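Enquirer: With the hints as your guide, set chains B, C and D with the ligands onto chain A.
Keeping their order, the protein sequence lines are chains A, B, C and D.
Going by my numbering, the first sequence opens with residue 1, and the numbers climb by one from there.
Going by my numbering, the second sequence opens with residue 1001, and the numbers climb by one from there.
Going by my numbering, the third sequence opens with residue 2001, and the numbers climb by one from there.
Going by my numbering, the fourth sequence opens with residue 3001, and the numbers climb by one from there.
Among these hints, one or two may not hold up.
Claimed, not checked - Below 30 Å or equal to it, Euclidean Cα-Cα: the simulated BS3-like pairs (lysine-lysine) are:
#1 343(A) / 2144(C)
#2 3214(D) / 3154(D)
#3 3029(D) / 3086(D)
#4 217(A) / 1144(B)
#5 3287(D) / 3022(D)
#6 1232(B) / 343(A)
#7 1144(B) / 323(A)
#8 3187(D) / 3311(D)
#9 187(A) / 445(A)
#10 217(A) / 1232(B)
#11 3057(D) / 3029(D)
#12 2232(C) / 187(A)
#13 3264(D) / 3239(D)
#14 445(A) / 1144(B)
#15 445(A) / 343(A)
#16 1232(B) / 332(A)
#17 3106(D) / 3029(D)
#18 3264(D) / 3178(D)
#19 3187(D) / 3239(D)
#20 343(A) / 332(A)
#21 323(A) / 1232(B)
If you are wondering where the hints come from, they were derived from the structure by calculation, not from laboratory data.
The structure displayed is predicted, hence computed values, not measured ones.
Chain residues, written in single-letter form:
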Amino acid sequence: MSEAALLTMTGIVKEFPGVRALDGVDLDVRAGEVHCLLGQNGAGKSTLIRVLTGAHQPDAGAIQIDGEDVQLNSPTAAIDRGIAAIYQELDLVPGLSVAENIFLGHEPSTFGFSRRHEAALRAREILEGLGHGEIPVRREVGSLPAAGQQVVSMARALSRDARLIVMDEPSAVLDPEEVANLFRVIKGLTERGVAVVYISHRLEEIREIGDRVTVLKDGATVATGLDARETPTQELIRLMTGRSIEYVFPPRAEILSTAPVVLSVEGLSRPGEFAEISFDVRAGEIVGFAGLVGSGRSEVLETVYGARRAATGSVHVDGKRLKPGRVQSAVKAGVGLAPEERKSQALLMDEAVFKNITVSSMERFASVGFLNRTAERQVATQLAESLDVRPPGVDRPVRNLSGGNQQKVVLARWLLRDCRVLLLDEPTRGVDVGARSEIYALVRKLAASGVAIVLVSSEVEEVLGLADRVVVLREGQAVHTGPAQDIDEHQVLDLVMEGSSV
Amino acid sequence: MSEAPLDTTTSTQATVVPPTAQRNSGLLSTGVGRNLGLVVALVVLCIVGAVTAGDTFATGPNVLTILRLAATIGVVSIGMTFVITGGGIDLSVGAILALSSVWATTLATQQMADSYGWIVMASTALLVGAACGLVNGILVAYGKIVPFIATLAMLAAARGLAETISDRRTQIVANNSFVDFFGGSLIGVPVLVWIFLLVAAAGWVVLNRTTFGRRTFAVGGNAEAARLAGIKVQRHTAALYVLAGLCCGIAAVMLMARTTTGSSTHGQFYELDAIAAVVIGGTLLSGGRGTIVGTVFGVLIFSTLNNVFTLNNLSISAQSVAKGVIIVIAVLLQQRLASRTTSS
Amino acid sequence: MSEAPLDTTTSTQATVVPPTAQRNSGLLSTGVGRNLGLVVALVVLCIVGAVTAGDTFATGPNVLTILRLAATIGVVSIGMTFVITGGGIDLSVGAILALSSVWATTLATQQMADSYGWIVMASTALLVGAACGLVNGILVAYGKIVPFIATLAMLAAARGLAETISDRRTQIVANNSFVDFFGGSLIGVPVLVWIFLLVAAAGWVVLNRTTFGRRTFAVGGNAEAARLAGIKVQRHTAALYVLAGLCCGIAAVMLMARTTTGSSTHGQFYELDAIAAVVIGGTLLSGGRGTIVGTVFGVLIFSTLNNVFTLNNLSISAQSVAKGVIIVIAVLLQQRLASRTTSS
Amino acid sequence: TSNTPKADPSDAAKTQAVSAGKNDEPGKKVKIGFSAPAADHGWMGAITKATQAEAKKYSDVELVVAEGTNDVNLQISQVETFINQKVDAIVLLPFDGAALTAVATKAMEAGITVVNVDREFGSPAAARTTVLGDNYGMGVSAGGYVCSQLKDKKDSIVAEIAGIDSLPLTQDRSKGFKDALAGCGLKVNNRVAAEFTVESGEKAAANLLQAAPKIDAIWNHDDDQGVGVMAAIKNSNRKDFFLVGGAGSANVMRDIKAGTSLVKATVVYPSTQGADGVRLARLLLQKKALGDLVEVEVPRKVQLFAPVVTKDNVDQYLPTAFES
Ligand SMILES: Nc1ncnc2c1ncn2[C@@H]1O[C@H](COP(=O)(O)OP(=O)(O)OP(=O)(O)O)[C@@H](O)[C@H]1O
Ligand SMILES: Nc1ncnc2c1ncn2[C@@H]1O[C@H](COP(=O)(O)OP(=O)(O)OP(=O)(O)O)[C@@H](O)[C@H]1O
Ligand SMILES: [Mg+2]
Ligand SMILES: [Mg+2]
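Chain A with its partners taken away, still in its complex shape (with noise of 0.2 Å):
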């Protein structure tokens, strides 16, 4: 690994309407180095990055590459300095192919005429390398999966061959299994002289992959070049939320057999997604779902909840008979989704961060129809403080949020409407770790208070520390039921892997 910086940005400032997003922050780079970027959700990692790639215009602050002045003001200016991005909204064009996305910008063509064939062989070639060979170059991007998306737009990154490369939270969709894959990936890579720009908040991924870290806090640097497996936890918990947390689950209340059963699914199936899924979840009890991307998780919550139509089985509450594909029976019953995909499924994104908490509960705050946004506004922000949605002030459009503040505003909108049932898909993707923590405390809490909560995560450690009993999913069939406790990781991890083919 060269000592020469690759990439120098000081000072960098950016602006946003009443938020100064960046402040003055400081980052080096050099080739054939992992370089992390750490810091909690909102502190500037994405506007960086999209700064770093042309997207955004920096009101101040100099960026270097090779020790050269460079002005990066338009993505194909950095583009042509051999920057690329993974960027954490995902950024392809559902009507297109795969392949078509892959090299959106720089098609291999003649006269304009696109040379579709050697794009899809290159296509399946970077694919391959990805080892996602499975993925069809030319079906459309739109109709694959939340993960699939994502290895395709991490295939775009690659398909330039580029010297620098940004991945902005590239982990938050994938489970263990792709996480590996891409750290082999990044490997290669590293290992040809690229430069690599790893954003992510699993602090372990840090440790296995990364070679430098620099730290933001509140947009601005507040330490960089630690070394990435030596600095201990706590110091970069402390430097990245400026207090100490103890990163541990909190301790499960003991369910009483007694307790009466709240959620009970029976023979669920939908054909090529999942077959015969059976559980009950008792009041104040919390029930894991692990498993690999793809192995069905995400499906069973929706058709539980009616968003799509089981073919056979049932779902009861309280012992009543859901109406099947009828979200709102569900909801009646009180059973709550906080959906996989934020942007997609669950954020109105152009609306204030208030009336997205509230818009599950509006009778509550409506007479005869008409809306008490003062009561709305107090609840809300009262629950975006308790989830240190930051920065604070429920008024601004969801779409101005950071990824990971994004989440919460989903959580806060499930928080708010007092289920009997929640459904809980990826609650912390995209979380730092000092919210995470809070999330999990806010589950048991609710759990304490007698909700029953499925819980769906893709980091087993989490389904684990945090659920009461585990189902492991694999290709849709539920391969192993039983208490948390008499399970560890590596257990688990074998039952999803068995069988999996890759």
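Expert: Then chains B, C and D with the ligands, alone, in the frame of chain A:
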């Protein structure tokens, strides 16, 4: 693109959000930011009018003339605002208006009106309008037909039906009490204008202060999210078209009073005029963002424009050229000002 | 709604993408699924025609008539397909067509044509069309004016200009070679139809086989992503409107040949007809998805409908009612079939 | 309305100046407002142009022209604006006579002289005087001519290409045509409607010619759309019928004279009604009588005649016909 407004900003506060910023984004979301541009556009227009034809333009009667002209299309535009905010579009408003006016002025209806009073005609118009709206709503929400196509079909069908019923003859409103009531004035302001004001006010309250309005934004902004949040998206969508249809019914009553006729030729091009007013007002054609205030301004701008033209005796072809140019200028103006207000 | 593809997936290995899901959505993505519905709709229509007026409907000349009438609006619709796929809309097509036809038939132009041949008139029309398109493009892409409003303004302006230039007279095309060439036939097929076929074919190739076309999908489907990928979104958008304008120019030439005139009244309602054809064809009004084949079918369906009506001597009113109903049926049919084909 | 597109005002002047006499001498200044439907077809454009040209000829007339519109709501507000403007007279060609009766009455009550043109108001109180075309008469004339040509062939096929079908005046013409044909045992076998525009004429005709493989006579309501109709006929190389026009545009009359084309006759319907309206308004305001009438007041109603122009009498009309 969406950044243009953002990059023009210069604030000096640190990460903590200054209250002003909050108000700004609040402002923008309530559309006042955009409306400022509209106010200016309208004011400029009025100044032009006053300068070029001050003696007549600035007079009370002339203002009332402008308002009376605005009233009918205005009511239609309010309904259109709801549909568009909800992520749809309604090309059939003009046709529905025509059909309602014809149905409400058939011999049969008018005879009933003679015995039971004009309320019969009024309610007939409203009913027909709402019914057509319901058909639109069902086709779009449950038939899952693209709004553009569904309402285009309704446009053709409703006009055709209107022509068949009226046999393409203009139907005179015989019932005088009807004409007297709606044609009259209250405290110096024409009843038609009162109706417009009422509908606009009601529309504003519903859109901004009720759960129905809030859901409209949700449905238009992200239907899937709305569905998963437990909103009855389909039923709501249908309701929006019924609302639009109802507005057409009201507009039909107004036009019947103004022209003392029902005719299959009423309301030609109202779809374009209404959509134009709504969009100029700042409502997003893609849905999820809508402003009644903006729409009202949009309507006023267009009818003032017409009035100023007539007063200034422009050559007719010149008028349409001028119209095009003025629209562009107005929008540009409004955008610049909007982006100005969003930056503290 | 977006679930349709989901429901059909069957994954057999723990991969992020289930293998079987691809074939179907592959079908859908190439639009064949949708088009199948259109084919059926058209066939049904033809059967109706053949049954009700077999003797005349099925004849060669009648088919050619349908095609000749489809040709002009067809060319316009091809251009419209590009604009809509690119996330925009163009309400000014009819007006641009009128302006081009008038400009290309002024005395001055026709005199030049006498000395240099009809190519002068043709190229004038194309130039005027492209120029208007450029103005649209600049207003939308760089002026950031909502396409609906920008092109609405152009509609007003262009028609007004056309009226001023022609002084509202119908300008006869004196140059016979022009009429003879474009009015004539090649191997039994009218030149107009050939032009339509050529434009359609070219349009298909450009949209599906060139980087320009694919980038159009990107610009319409996710402008931000396109920008981040280094595509010059603004320039591309502008180009799309120029393309549409050019098509209007071509259509103007065709209409001049068909009617032997240039007039400010040409191309009335073309905006609605074209958009309807495009949308019925399966292009998304919201942009990001477009199909030329679908558009061609859309155009054919409408002009066949017209023809069948006339053959059956239907009254205009009955026609529009029927039209509305048929549109709805066609779309429903097409949707059912589309979803059918996507489910294995 | 009728067919005469683009009347040449100077011609219009020639014809009427004859009777005008010393009425043309400048009198007190008058301000006249003029409003008409949208000029979306030739004849409307002609009406407005002729009107403006006529006004220009009088130093004492100031004409205020409102944007043509098919939205009665807008046209009403234009009249209201004229009232606010305190014009002396309003020459009004309403999009729909009945719909503008109320506001016209209001204008009369405001002391403004209203001259109603071509489409009649619902109440006599709404206008001081009315200049009317004779749409029903047009149909009758056309039908009468067709009868005279086909009287011995009772089984002959007659087709009609109407104008904008949603307009009452189109209904009147078709009715007149139908009634006249009935008089000689004929009927309209095929009827299509265009929109008074060249393009729509071509489209309607093209379809019609397919619909009816054999035709003996066609009446086309409007010579402007007639240009398109002829294009379609030329394209189909059909010759099995003769055509009756409606307007009397110069080139149609030349064709009639030459006898080379399929057009054997046309029915005149002057586009100078607006111009007449302006003249009458001026006379009324200046308290002048109509020349050549003993009557000291301008008459309540002037209905124009719709003669049939054929090879025999074409020379009489050709000079005053308009160029298209
Ligand atoms: N377009 C925008 N307009 C206004 N404010 C914005 C915009 N984009 C980001 N911000 C603000 O800038 C700050 C930094 O956001 P950023 O997305 O960079 O955070 P982050 O470090 O990526 O957080 P996360 O880990 O959750 O992704 C946040 O306060 C956010 O609200
Ligand atoms: N939009 C889609 N189109 C086609 N197939 C899909 C789509 N979404 C999901 N699938 C398929 O459905 C199955 C489950 O998808 P999904 O990835 O949501 O499961 P999951 O266990 O929730 O994974 P994740 O960890 O991402 O939530 C997989 O076979 C996946 O390929
Ligand atoms: Mg981020
Ligand atoms: Mg999932």
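Enquirer: Which of the numbered hints above does this structure break?
Expert: When the structure is compared with the hints, numbers 4, 9, 10, 12, 14 turn out to be violated.
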